[in-house]
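Enquirer: Letter by letter, the chains look like this.
There are 2 protein chains.
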Amino acid sequence: MTTHGVVDTPAFMPVGTQGSVKGISPRELRELNAQIVLGNTYHLFVRPGLDVIKHFGGLHRFMNWDGPILTDSGGYQIFSLAKLRKITEDGVEFQNHIDGARAFISPEIAMEIQAALGSDIAMALDECVPYPCEYDYAAQSAEMTTRWAKRCKAVASAVLSGEFSTRSPHGSDALRTAHTTTRQLLFGVVQGATFEDLRKQSAQAIVDLDFDGYAIGGVSVGEPEQEMMRGVESAEPFLPRDKPRYAMGLGTPPQLLEMIARGMDMFDCVLPTRLARNGTAFTARGTLNLKNAEFALDKRPIEENCSCDVCREFSRGYIRHLIKAEEILGLRLITLHNLHFYLNLMRQARSEIERGTFDQFRRMFVAEYKPRDAMTVE
Amino acid sequence: MTTHGVVDTPAFMPVGTQGSVKGISPRELRELNAQIVLGNTYHLFVRPGLDVIKHFGGLHRFMNWDGPILTDSGGYQIFSLAKLRKITEDGVEFQNHIDGARAFISPEIAMEIQAALGSDIAMALDECVPYPCEYDYAAQSAEMTTRWAKRCKAVASAVLSGEFSTRSPHGSDALRTAHTTTRQLLFGVVQGATFEDLRKQSAQAIVDLDFDGYAIGGVSVGEPEQEMMRGVESAEPFLPRDKPRYAMGLGTPPQLLEMIARGMDMFDCVLPTRLARNGTAFTARGTLNLKNAEFALDKRPIEENCSCDVCREFSRGYIRHLIKAEEILGLRLITLHNLHFYLNLMRQARSEIERGTFDQFRRMFVAEYKPRDAMTVE
Numbered sequence: 003m004t005t006h007g008v009v010d011t012p013a014f015m016p017v018g019t020q021g022s023v024k025g026i027s028p029r030e031l032r033e034l035n036a037q038i039v040l041g042n043t044y045h046l047f048v049r050p051g052l053d054v055i056k057h058f059g060g061l062h063r064f065m066n067w068d069g070p071i072l073t074d075s076g077g078y079q080i081f082s083l084a085k086l087r088k089i090t091e092d093g094v095e096f097q098n099h100i101d102g103a104r105a106f107i108s109p110e111i112a113m114e115i116q117a118a119l120g121s122d123i124a125m126a127l128d129e130c131v132p133y134p135c136e137y138d139y140a141a142q143s144a145e146m147t148t149r150w151a152k153r154c155k156a157v158a159s160a161v162l163s164g165e166f167s168t169r170s171p172h173g174s175d176a177l178r179t180a181h182t183t184t185r186q187l188l189f190g191v192v193q194g195a196t197f198e199d200l201r202k203q204s205a206q207a208i209v210d211l212d213f214d215g216y217a218i219g220g221v222s223v224g225e226p227e228q229e230m231m232r233g234v235e236s237a238e239p240f241l242p243r244d245k246p247r248y249a250m251g252l253g254t255p256p257q258l259l260e261m262i263a264r265g266m267d268m269f270d271c272v273l274p275t276r277l278a279r280n281g282t283a284f285t286a287r288g289t290l291n292l293k294n295a296e297f298a299l300d301k302r303p304i305e306e307n308c309s310c311d312v313c314r315e316f317s318r319g320y321i322r323h324l325i326k327a328e329e330i331l332g333l334r335l336i337t338l339h340n341l342h343f344y345l346n347l348m349r350q351a352r353s354e355i356e357r358g359t360f361d362q363f364r365r366m367f368v369a370e371y372k373p374r375d376a377m378t379v380e
Numbered sequence: 003m004t005t006h007g008v009v010d011t012p013a014f015m016p017v018g019t020q021g022s023v024k025g026i027s028p029r030e031l032r033e034l035n036a037q038i039v040l041g042n043t044y045h046l047f048v049r050p051g052l053d054v055i056k057h058f059g060g061l062h063r064f065m066n067w068d069g070p071i072l073t074d075s076g077g078y079q080i081f082s083l084a085k086l087r088k089i090t091e092d093g094v095e096f097q098n099h100i101d102g103a104r105a106f107i108s109p110e111i112a113m114e115i116q117a118a119l120g121s122d123i124a125m126a127l128d129e130c131v132p133y134p135c136e137y138d139y140a141a142q143s144a145e146m147t148t149r150w151a152k153r154c155k156a157v158a159s160a161v162l163s164g165e166f167s168t169r170s171p172h173g174s175d176a177l178r179t180a181h182t183t184t185r186q187l188l189f190g191v192v193q194g195a196t197f198e199d200l201r202k203q204s205a206q207a208i209v210d211l212d213f214d215g216y217a218i219g220g221v222s223v224g225e226p227e228q229e230m231m232r233g234v235e236s237a238e239p240f241l242p243r244d245k246p247r248y249a250m251g252l253g254t255p256p257q258l259l260e261m262i263a264r265g266m267d268m269f270d271c272v273l274p275t276r277l278a279r280n281g282t283a284f285t286a287r288g289t290l291n292l293k294n295a296e297f298a299l300d301k302r303p304i305e306e307n308c309s310c311d312v313c314r315e316f317s318r319g320y321i322r323h324l325i326k327a328e329e330i331l332g333l334r335l336i337t338l339h340n341l342h343f344y345l346n347l348m349r350q351a352r353s354e355i356e357r358g359t360f361d362q363f364r365r366m367f368v369a370e371y372k373p374r375d376a377m378t379v380e
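First to last, the protein sequences are chains A and B. So for the first sequence, our numbering puts the first residue at 3; every next one is plus one. So for the second sequence, our numbering puts the first residue at 3; every next one is plus one.
It is possible that some hints are incorrect.
No copy labels: a pair is met if it fits in one copy or bridges any two.
[To be verified] Pairs of lysine to aspartate or glutamate residues, derived as DMTMM-like cross-links and limited to a Cα-Cα distance of at most 25 Å, are as follows: (1) K326 / E354; (2) K293 / E328; (3) K293 / D53.
Hints are computed from structural coordinates only; laboratory data are not their basis.
The following block holds chain A by itself, in its conformation from the complex (with noise of 0.2 Å):
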């Protein structure tokens, strides 16, 4: 439950990492019942700028959306995108990817951000570490992530107790907004790299200072899935079963349905949207590139008994003609049926959680979709 509606969980989160899920509308997201949607932080404070999105009253009046929110910290693409990094104990300076203007960001500045937007959860800001990574590294970054954590709830706690003053150049007004006319809630992230005993100290420190939920960081960073599995499973144990527990930035089909097996609740991915507009459109089966020759004459629609209203309106060889002209129907009809594909995952894993019959449910998907490069001709 957040200030701007329920999430039923497990969730998926579809990315509108600047102020637009990409391709789609506000109004198409509530048509997909889409009950929550992920802002990024750092692309949000590049461009346009929290003056901006102050002025307008917040990210879900900016953009037309009223359902929940989730921001990330800014941390995760300070790392991948943003120039010239300098982490210290205190917080990250870096230049944006856009102008290369130079920023700091700290915990408290992440929480200052976050309110300005006005997300229904923020998340602490953390270090997300490459893979691979030194255990040396892993096991510093992860308890430095405790500290920012430790910073971040102080914050929250502040505010609402009233007591926070701050001379950073972003002001308090908005944070002091947020987390009292309407509560802002707070996830920790839990790291650890690779490192089962990292991931489980990280685990148990972050749980220890009490948030609303907890999110598995680090993980889909380029490491083999079985690392990425092992990474939660050395987590979970040790987060709260009544909080909602999210892993982030993932991932494929199965992926989501293997997490969910280890208790992950909500998820935030990119692929239904970026690899729809590289013409791949998600099935029960596995992936189509719908660029492929095969599809010019193909009158069925993306995937049979899709209850989607591009399956119900469109062939794969008018969407493949679209992809192949550049046309941008194209990668809208393939977003709208690959989010589709993904909120309706969720759906049918709470349907078979609630009738007890989700582990099999599982296993026959698994099996069903086929890994991208094993696909054959559908």
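Please arrange chain B on chain A, whose structure you already have, making use of the hints.
Expert: Chain B only, in chain A's frame:
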């Protein structure tokens, strides 16, 4: 009245170049109350090709648009896009601009292609001469266009009476179907460049052939606006008042009203979709370039008092952000507004004509509308 429905005039036809009005879905076109769309025969002939569209049962089914479609003859794009053109009395040989494949289009083949597309209104093949153009060339070309029109008409008549036969590579089955089970209308095209006497002669000769409607082609090809108006004025008196009259490929909102004042009923133009992709929106006061920094904090809709969904839901500031961030939703929103603007202008024109107040409306609109270069800060 066409096979797929009634078209109220004056009518604006959104341009669906490659089987899609750029950025827009058929459902959005219906919601915009677009009554007819234009399909570009040349583009569809080159890609996906006739075999594909025939396989899907024609353009309506292929693109999932069940309203009327007008197809051009392909001539204009052959003259503006294709390479190595060779024009003879027989037809035009060219290399397409996509893969350079050689092709030949004659009046007969243009009719077959449009029959295969299954449009509600087909256009006779014409030669559209460039601006400026020598008098002698314009005269000879207009005469050839008349002979070509006669051949197009002969095909349509032969099909109607069941006498048509051809050895063309494209086959005539689709053509026969289009003309017998669903009567495809055929419009003739008046040419004559900027020469008053040639326009008159062309109009008379084309009207003598007795088409279902008449188009004025070779306008808005780079000539000054005054010349364009004169081209239409020179031809119009010779076009029957009880048949639709179509001014091809134009224009700005004031130009459309001026054309309506000069007796024109139908229009097609890429401006609302093309300018949208560049961040430019139409308003009754002129165009707005939403990329401009002045709109960053602007909470107003694109146009105040506009009844379109975009203006009810989104601010200039948000749309500016989307365009600057190169988000597809930005050009989608402006495209929707711009098409609404054009279609609504036609609705207003129809109602003013019915009330007998069109001239006053036109004068006021033209006076209020600032040409692009003269636009000041809104």
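Enquirer: Now tell me if each hint is right for this structure.
Expert: Comparing the hints with the structure gives:
Taking identical chains as interchangeable, the C-alpha atoms of K326 and E354 are never at most 25 Å apart, the minima being 38 Å within one chain and 43 Å between chains. For the identical chains of this complex, K293 and E328 are neighbours both inside a copy (11 Å) and across copies (23 Å), given an alpha-carbon limit of 25 Å. Only between protomers do K293 and D53 lie at most 25 Å apart by alpha-carbon distance; the minimum there is 18 Å, versus 42 Å within a single protomer.
In the structure shown, a violation is registered for the earlier hint numbered 1 alone.
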